[in-house]
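Undergrad: Listed below are the residues making up each chain.
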Amino acid sequence: MIYREAGDFKTGYREDGQTFPIKLDRWAYYGVLAVAFGIIPFVINDYWASAVLVPFLIYAIAAMGLNILTGYAGQVSLGTGGFMAVGAYAVYKLMTAFPDVNIVIHILLAGFVTAFVGMLFGLPSLRIKGFYLAVATLAAQFFLVWLFNKVPWFYNYSASGQITAPERTFLGEAVTGPASSAPAKYLICLGFAFVLAWLARNLTRGMLGRKWMAIRDMDIAAEIIGVNPLGAKLSAFAISSFFIGVAGALLFAVYLGAAEVGEAFGINKSFLVLFMIIIGGLGSIFGSFAGAAFLVLLPVLLKNLLVGSLGWPTDLAAHLELMIVGALIVFFLIVEPHGLARLWALAKDKLRLWPFPH
Amino acid sequence: MASVPEEGVVTPDGRQIGGVLMEMKNITLRFGGVVAVKDISFDIRKGEIRAIIGPNGAGKSSMLNVISGFYNPQEGEVWFKGYRRGPMKPYEVARLGIARTFQNIALFDGMTVLDNIMTGRLNKMRSGFLAQALWWGAAEREEIENRAQVEKIIDFLEIQNIRKTPVGRLPYGLKKRVELARALAAEPQLLLLDEPMAGMNVEEKEDMSRFILDVNDEFGTTIALIEHDMGVVMDISDRVVVMDYGRKIGDGTPAEVRGNQEVIDAYLGVAHD
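These protein sequence lines map, in sequence, to chains S and G. Mapping of the first sequence onto the numbering used here: position 230 corresponds to residue 230, and the numbering continues sequentially without gaps. Mapping of the second sequence onto the numbering used here: position 182 corresponds to residue 540, and the numbering continues sequentially without gaps.
Keep in mind the hints are simulated off the structure, nothing from the lab. Each hint should be verified, as a subset may be incorrect.
Derived coverage of chain S by chain G (criterion: at least 3 residues anywhere in the stretch with Cβ under 8 angstroms from a Cβ of chain G; other residues may be distant) [what the hints assert, rightly or not]:
1. 192-204
2. 207-214
3. 222-232
Here are the simulated lysine to aspartate or glutamate pairs, DMTMM-like style, with alpha carbons at most 20 angstroms apart [what the hints assert, rightly or not]:
4. G/522 x S/15
5. G/510 x S/321
6. G/404 x G/433
For glycine and all other residues, C-beta sits at the position ideal for the given N, C-alpha and C.
Could you put the whole structure together from the sequences, leaning on the hints where they help?
TA: Take a look at the structure:
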């Protein structure tokens with residue numbers, strides 16, 4: 001009964017264009033922000049940070065990045081893992097080369113490096129589309145992993161071939177390295193996720209977002225209207241790669257602490273992030289978060305349920321978990337091919353009319 | 359051959375038709391061995407409604423694609439606003455002030471009506487990448503100003519109630535209207551319409567004809583259109599070009615064209631009692 005736009009009058013185009021046009025949605029948004037920034041940091045423990053919240057936030061950033069490219073601009077990419085590796089190795093080289101510079105600046109710079117690399121690998125998109133572009137980005141994935149394996153300069157000639165994040169602080173708190181605390185890790189990821197989500201929303205609701213969607217929906221018509229396909233596609237690759245690079249840098253520096261490129265940033269990562277945006281909803285910022293939550297939380301939930309509550313053996317649970325997650329993905333795609341974001345929107349549409357649907 | 363004096367004329371219904379806006383000189387367009395357009399010349403005057411008619415496969419759409427810059431002709435010259443237009447990318451032509459609609463609707467199905475029409479104004483928006491990302495200053499101001507302009511067009515074409523509907527869900531007739539709105543949003547000097555009334559019933563055709571006349575009248579937009587409904591063409595256009603097999607076989611006012619024997623043989627036909 002309360003979920004209504006009735007009585008919430010819009011008197012200008014500014015108000016009409018706002019992200020949450022319904023008052024209850026706005027309150028819910030501020031409420032979530034208040035809990036995320038104000039309460040969770042004080043109650044979070046190591047288990048919640050490392051098993052649930054930090055990976056969720058990092059993958060949400062990566063999913064937003066891929067969603068900008070695939071969901072908004074319509075360019076399929078299977079190179080997400082490779083671009084995350086670029087972010088990770090860039091931040092590693094920067095952290096070790098310039099130990100005195102703030103880690104946040106390093107992470108942002110790693111994003112810019114990835115944006116540049118992404119743009120290079122986006123060049124083929126001007127000529128090829130669809131499956132063929134996917135194959136081209138797949139080449140990027142394998143090439144980048146190969147590069148980081150083969151050239152010792154990237155891992156500072158370490159004997160193991162691994163990269164390990166040294167301790168760096170932000171505002172006096174260690175956010176990387178073994179001494180970093182759960183709230184610090186959580187807050188830095190939350191900060192990045194929040195700011196990047198806000199930027200993504202602004203970009204996608206403005207003219208740049210419309211150009212991307214125009215290219216996605218009908219590229220010939222877009223060009224005749226005045227969209228420069230070169231600019232639109234390359235900007236999508238650059239911005240998407242920036243997000244993915246930041247996610248890769250956070251994944252390595254804050255979450256994993258140490259990484260080996262083939263294991264941490266292999267083709268599996270590309271598929272994982274792609275599944276996140278397909279399940280969450282293509283062309284939706286909320287969908288990126290929903291998809292990341294689904295694929296990060298579900299395995300944890302199932303493990304807790306099967307091993308923790310039912311007391312099954314761990315190996316059996318691990319295999320069952322794969323099967324159940326796979327089955328659920330298929331189920332969701334059949335029930336709602338447009339993802340969780342569409343389900344959420346439909347639920348809200350119903351709620352607006354409830355309980356008098358006529 | 360229709361002769362319009364250089365300084366322009368006033369039509370019987372009071373519209374001002376001015377000098378030459380666009381001139382096609384000896385255009386020839388080939389696809390491999392197929393000649394789609396053969397040595398065609400005609401002009402489009404400022405403020406007029408110019409129709410291109412002809413049987414299927416006559417090269418009308420190819421001609422429109424040459425005007426809109428989608429095809430570059432092998433021979434001939436395209437003059438627009440007194441300058442010769444070299445080979446251009448379609449998005450550069452859009453910046454010159456030429457907008458068009460398509461025979462098979464080419465809207466962005468995943469976007470709302472409002473976003474589709476707003477996309478038409480992309481050449482009017484100048485705010486930089488950073489301002490857009492931060493949604494600050496110029497970006498937001500521009501968005502609101504352009505929204506106000508788009509709302510005028512939405513009012514004009516009477517599509518207020520479907521503003522926020524995704525275009526993919528609309529029926530055919532409304533899609534055609536949204537496509538016209540998107541083209542109008544660019545405030546073009548020359549508007550190209552490729553079969554704006556194809557597949558419509560009589561009522562929808564009447565609506566569309568009224569919109570075309572109103573656009574021409576209120577905004578002073580020059581319109582070039584391809585249409586098969588002869589009743590509509592003869593009613594609304596000032597001058598007509600007739601094409602057949604890539605050649606021009608007639609050019610003039612509707613009355614002149616109707617009386618041209620070659621046009622009657624090739625396209626219009628005669629009534630048999």
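Undergrad: Compare the structure with each hint and give your call.
TA: Status of the hints after comparison with the structure:
1. 192-204: n = 3 at 8 angstroms, threshold three: holds.
2. 207-214: It holds, with 6 qualifying residues against the three required.
3. 222-232: holds (count 8)
4. G/522 x S/15: 15 angstroms, holds
5. G/510 x S/321: Between residue 510 of chain G and residue 321 of chain S the Cα gap is close to 56 angstroms, so the pair fails against 20 angstroms, i.e. violated.
6. G/404 x G/433: 25 angstroms, violated
In summary, the structure is inconsistent with hints 5, 6 from the numbered list given earlier, while agreeing with the others.
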